[in-house]
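Build out the structure end to end from the sequences listed, making use of the hints.
Protein chains in written order, with numbering that gives the first Met the number 0: chain A, 0 to 452; chain B, 0 to 289.
Since the hints were made in silico from the structure, they are not lab data. Here the structure is a predicted model, which means the values were calculated and not measured. Using N, Cα and C, we set each Cβ at its ideal position, and we do this for glycine too. There may be inaccurate statements among the hints.
[Claimed, not checked] Okay, derived cross-link-like pairs now, DSS-like style, lysine-lysine, Cα gap no bigger than 30 Å in a straight line:
1) 189/B to 441/A
2) 241/A to 253/B
3) 283/A to 182/A
4) 337/A to 182/A
5) 253/B to 429/A
6) 283/A to 193/A
[To be verified] Cβ pair distances, simulated, as ranges:
7) 27/B to 5/A: 37 to 45 Å
8) 184/B to 13/A: 57 to 65 Å
9) 55/B to 81/A: 44 to 52 Å
10) 24/B to 259/A: 24 to 32 Å
11) 69/A to 12/B: 52 to 60 Å
12) 225/B to 69/A: 49 to 57 Å
13) 12/B to 5/A: 48 to 56 Å
14) 81/A to 111/B: 53 to 61 Å
Given next are the chains, with one letter for each unit.
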Amino acid sequence: MSGKARVILGVIALYLATLGWHWIHASKQGRASEGTGVKLVVFGPSSWDGFAPGAAEDVVARVTGELDAGFRIEHPQVKQIVHDVRGPVADGLARLRNAEVAGDQLDVVVCAANPVNTSYARGGLIAPLDTLVTRIRERFTPGAVENFTVDGRIWGAPLSAVNLTTFFYNKDLFADVGAGAPKTFSAFQALVPKFRAANVIPVVHQGKNAWMWLFYYMSALAQATGNQQVLFVERMLDGTTKFTDTTNVHALQLARNWVDDGLLDAQSNELDETTMKSVFYSGKAAAFFGDTWDIPGITSNVTFHWGVFPFPQYDSESGHPEAFGGVESGLCVSATTKQPALAEAYIEFATRDENARRLLQPLGAFATSHKNIVEGDDEISRELRTQLPAAKFLDWIFPPELTDFMQRQMQAMMGQTQTPEQTAANIEAKYQTLVRAGYVYKPTGSASPAATK
Amino acid sequence: MTRSRAPYVLLLPGMVLIGTFLILPIGYGFWLSLHEFNGIVVGHWTGLSLYRRVITDAGFHQALWHTVAFAAIVVVGKNVVGLALAVLVSLPLRGVRAFRTILFLPVTLNIIVIGAFWTYFLAASRFGGLLNQALSAVGLQGLEHSWLGTPATALLCVSCVEIWRWAGLHMLIFLAGMQAIDPSLYAAAKLDGANAWQRFRHVTLPQLRPIIFVSTLIALMGAFVRSFDVVWVLTRAGFGTQVVVTYLYSEAFKFGHFAQATATGYILLVIIAIFAFAYYFLSNSGEQHD
Numbered sequence: 000m001s002g003k004a005r006v007i008l009g010v011i012a013l014y015l016a017t018l019g020w021h022w023i024h025a026s027k028q029g030r031a032s033e034g035t036g037v038k039l040v041v042f043g044p045s046s047w048d049g050f051a052p053g054a055a056e057d058v059v060a061r062v063t064g065e066l067d068a069g070f071r072i073e074h075p076q077v078k079q080i081v082h083d084v085r086g087p088v089a090d091g092l093a094r095l096r097n098a099e100v101a102g103d104q105l106d107v108v109v110c111a112a113n114p115v116n117t118s119y120a121r122g123g124l125i126a127p128l129d130t131l132v133t134r135i136r137e138r139f140t141p142g143a144v145e146n147f148t149v150d151g152r153i154w155g156a157p158l159s160a161v162n163l164t165t166f167f168y169n170k171d172l173f174a175d176v177g178a179g180a181p182k183t184f185s186a187f188q189a190l191v192p193k194f195r196a197a198n199v200i201p202v203v204h205q206g207k208n209a210w211m212w213l214f215y216y217m218s219a220l221a222q223a224t225g226n227q228q229v230l231f232v233e234r235m236l237d238g239t240t241k242f243t244d245t246t247n248v249h250a251l252q253l254a255r256n257w258v259d260d261g262l263l264d265a266q267s268n269e270l271d272e273t274t275m276k277s278v279f280y281s282g283k284a285a286a287f288f289g290d291t292w293d294i295p296g297i298t299s300n301v302t303f304h305w306g307v308f309p310f311p312q313y314d315s316e317s318g319h320p321e322a323f324g325g326v327e328s329g330l331c332v333s334a335t336t337k338q339p340a341l342a343e344a345y346i347e348f349a350t351r352d353e354n355a356r357r358l359l360q361p362l363g364a365f366a367t368s369h370k371n372i373v374e375g376d377d378e379i380s381r382e383l384r385t386q387l388p389a390a391k392f393l394d395w396i397f398p399p400e401l402t403d404f405m406q407r408q409m410q411a412m413m414g415q416t417q418t419p420e421q422t423a424a425n426i427e428a429k430y431q432t433l434v435r436a437g438y439v440y441k442p443t444g445s446a447s448p449a450a451t452k
Numbered sequence: 000m001t002r003s004r005a006p007y008v009l010l011l012p013g014m015v016l017i018g019t020f021l022i023l024p025i026g027y028g029f030w031l032s033l034h035e036f037n038g039i040v041v042g043h044w045t046g047l048s049l050y051r052r053v054i055t056d057a058g059f060h061q062a063l064w065h066t067v068a069f070a071a072i073v074v075v076g077k078n079v080v081g082l083a084l085a086v087l088v089s090l091p092l093r094g095v096r097a098f099r100t101i102l103f104l105p106v107t108l109n110i111i112v113i114g115a116f117w118t119y120f121l122a123a124s125r126f127g128g129l130l131n132q133a134l135s136a137v138g139l140q141g142l143e144h145s146w147l148g149t150p151a152t153a154l155l156c157v158s159c160v161e162i163w164r165w166a167g168l169h170m171l172i173f174l175a176g177m178q179a180i181d182p183s184l185y186a187a188a189k190l191d192g193a194n195a196w197q198r199f200r201h202v203t204l205p206q207l208r209p210i211i212f213v214s215t216l217i218a219l220m221g222a223f224v225r226s227f228d229v230v231w232v233l234t235r236a237g238f239g240t241q242v243v244v245t246y247l248y249s250e251a252f253k254f255g256h257f258a259q260a261t262a263t264g265y266i267l268l269v270i271i272a273i274f275a276f277a278y279y280f281l282s283n284s285g286e287q288h289d
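Take a look at the structure:
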C-alpha cells in the first residue's frame, strides 16, 4: 500500500472513530437525561405553539420553567417535562402527524384552534377532552370553549390571548377629512370623495393572501343572516340550502360593494401583507381590515395616531356587526399518549387562573381565554373589548378544499373579474363535486356565541 | 477478473446509485399512487381510481391548461430570446463580455428577490409600480393595468418573468453552440454572396439544430415541473395561474390528499414524456427529410 493510500485510509478511520465516539456519547447523555420516573412530553407542532408565543426567549423559558416546577411539586412522580416546540406554522400538521405515526412520545399538544377545527380532531390526532373542560369551564371567557368544539365534542382547553377581526384606521387622515370612526357602511362610503380629493386610498387590503378575503364575506354574511351565519353555513354544507341561495349571493354582493362603491382599492389583489402594511404605515391608505394580531406591527411602525373600529353596519341589514376569531390556542391531549390522566392533569394545572396568568401576562393582550385574566387598560384594548365575544371563523367549518376554492373565488370577485352570482355558482359547483367525491357534512356542534348576544 | 467483466464491475457502483436513488423511488412512488396513502401510512389497494379522480377533476383540467399555455409561451420565449441574445453577444463589440455577464445575472438571482422585484415593478402606480408609472409618464395612462392581479394578464406576466429569468442560460447554451460552428461555412456563404440574415438562416440555424433540441427540451421540462417557485412568489397560484405543480402541492400539503398528489405527479410525467417524445420524433423526421 502506498503512503498516499495509507493517509487516506487513516483519515477515513479517524472520521469513523469520531462518529462512533459521538454516537456513544449522545446515547449515554440521552439515557442519563431520561433518568428514572415519569417523563411528560408537551409537543408544539410549530414554533408558534408554545407558551407565551412571540415573547422573548428568556421570558418563555422562565414562565415555562415556573409552570413545570409547580406541576412537579404536585406530581412528584414526574421527573422530566420535555417541551418539543419548533418548526414553521405551515408544517405543523405534518409534524404532529409524523411524530404520532413514528411512535414518538407525545402527551400534551399545544394546539391552535384553527387546525383543531380543520384537521386535528377529525384526523384523529388528538383525544376528546369533554370531561375535563366541562368541569373547569367557568374559568374561560364566553366563546373560548366553542373554538375547540368539533362534531359536538370538546377537544382542547383554551389557553391564549384573544384575537379578533377589526378595522385599523389612521386617525389623523380621518380627522383631515373631518371624520371619526365610521359606524355604518354608508357613513364610511360618504368619506370616499373626501379621501380621493386628499389623494388617500380609503381602504387597502392584502388581497394577494386569498384567505384574507373571507373576512369580508364572513362579516357580510353575519349581517345578511341576522347573525345566524353558522346555522346558514351548516345548511349550505348539508345541502339544505344552496350556495346560490339569494341570501348568500346578497352577502357576496355586500362584500363586493366595498370595491364597487370605491371604498376598497380594486387593485388590492396585488398586495401581500407586507406591502399592504407599508401602504398603511406610510399614510397612503386610511384604513385596513385585519386582525388584532397586527397590533404589535402597527404599534412599532406608525408615527400617526391610530385606532380600531368594528366592521361597519350595513344600513339595509338586520344583523349587527360581528367580529370573528376569539381564543386562538389551547392545550390538547395527544391521541397516542400512554398517560392520558397525567396529560389531563397538566392541562388542568396550566389552565388554573394563577398559572394561566403567568403564561398569558407576557403577551399584554386586550383579552384572554380566561375571564379572570384581563390585560391591557389602554384605549385600544378597551375599544376591542367592546367587540367581544368574537364569532367562530367560518372557514373552520367549511371543508379545506372548499375553503381554498372560496378564497380564490372571492379574490376574483373582489378583483372585479366575476360577479357575485358567478362566484356563488362556481362555489356551488365545487361543493357538488366534493359531494360526488364522498363529502358529507358533520355538524360542528358549536353555535356562534355572538349570535346570542 | 476477466477483461469482459471489468466494464460491468466498474459500472456497478454507478448503477447501484442510480437504482437506489432514481429507479427505486420512481417505482415506489408509482406503487404508492395505487394505494391509499396519508403521507406516512400506506392503506389498501385503490388501483387506478385516484388517476381517474385526478383526470376527471375540473381543477386539474384548468391547471393543465394553464401549464400548457405557460409552457408554450416559455419554451418559445426562452429559445427566441436566448438565441437573439446569443447572436447579439457574439458580435465583436466593445464591452460584450460585461454585457454577457449582465444578461446572465438573473439566472443567479434568488427567486424571492425576483418575486419581490417583479411584484413591485408590476404593481399599480399608487403602490409604487414602476411599469404603470412609466406608462403614465409617457401619456399612456389608458394602458395602466393590474398586471399580476387579473386573470387576463397574470399568466402572461408570470411567463415573461420566467423567460427573463432563464434567457441568460439559454443564451449561453446557444453561444457555446455557435462557437462550435466551423468558420469556413460562413466564409463559403460570404463567397456565395449571402448577407447576414441569409448566413444566420442557412448556416447558423441548421448548425444549431442539436443545440435547439437540447435547449427546447430543457425549457419544456422546466415549464412543466419547475414552474412552482415563479408562480408562487408572483401570484400564489391565483388569478388564473394555477399550474399542475401548484395544484399538486395544494392536494398534498393543504388537503392531505397525498395519494392523489402522487398520481398527479405520474400523470404529469406521462404528459411530459409525450411532449418530449413527440418533439424528438418531429425533430428527427425533419432531419431525415433534410
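For each hint, the structure was consulted:
1. In summary, the hint linking residue 189/B to residue 441/A is not supported, as the alpha carbons are separated by about 79 Å, beyond the 30 Å threshold.
2. For the hint pairing residue 241/A with residue 253/B, the CA-to-CA distance comes to about 25 Å; that is within 30 Å, so the pair holds.
3. A threshold of 30 Å between alpha carbons decides the hint, and for residue 283/A with residue 182/A the separation of about 22 Å falls inside it, so the pair holds.
4. Proposed proximity of residue 337/A and residue 182/A is contradicted: the alpha carbons are some 53 Å apart, above 30 Å.
5. Our distance criterion of 30 Å between C-alpha atoms is met by residue 253/B and residue 429/A, whose separation comes to about 16 Å.
6. The straight-line distance between the Cα atoms of residue 283/A and residue 193/A is roughly 14 Å, inside the 30 Å bound, and the hint therefore holds.
7. Distance hint check: the CB atoms of residue 27/B and residue 5/A are about 41 Å apart, consistent with the given range 37 to 45 Å.
8. In this structure, residue 184/B and residue 13/A meet the distance hint of 57 to 65 Å, their C-beta atoms being roughly 58 Å apart.
9. Distance hint for residue 55/B and residue 81/A: a CB-CB separation of about 47 Å, consistent with the stated range 44 to 52 Å.
10. In this structure the hint that residue 24/B and residue 259/A lie 24 to 32 Å apart at CB is violated, the actual value being about 52 Å.
11. Checked against the given bound of 52 to 60 Å, the beta carbons of residue 69/A and residue 12/B, roughly 59 Å apart, stay inside it.
12. As the Cβ distance of residue 225/B to residue 69/A is approximately 53 Å, the hint placing it in 49 to 57 Å holds.
13. Roughly 23 Å separates the CB atoms of residue 12/B and residue 5/A, a value that falls outside the hinted 48 to 56 Å.
14. Roughly 35 Å separates the CB atoms of residue 81/A and residue 111/B, a value that falls outside the hinted 53 to 61 Å.
Against the hints set out earlier in the document, violations occur for numbers 1, 4, 10, 13 and 14.
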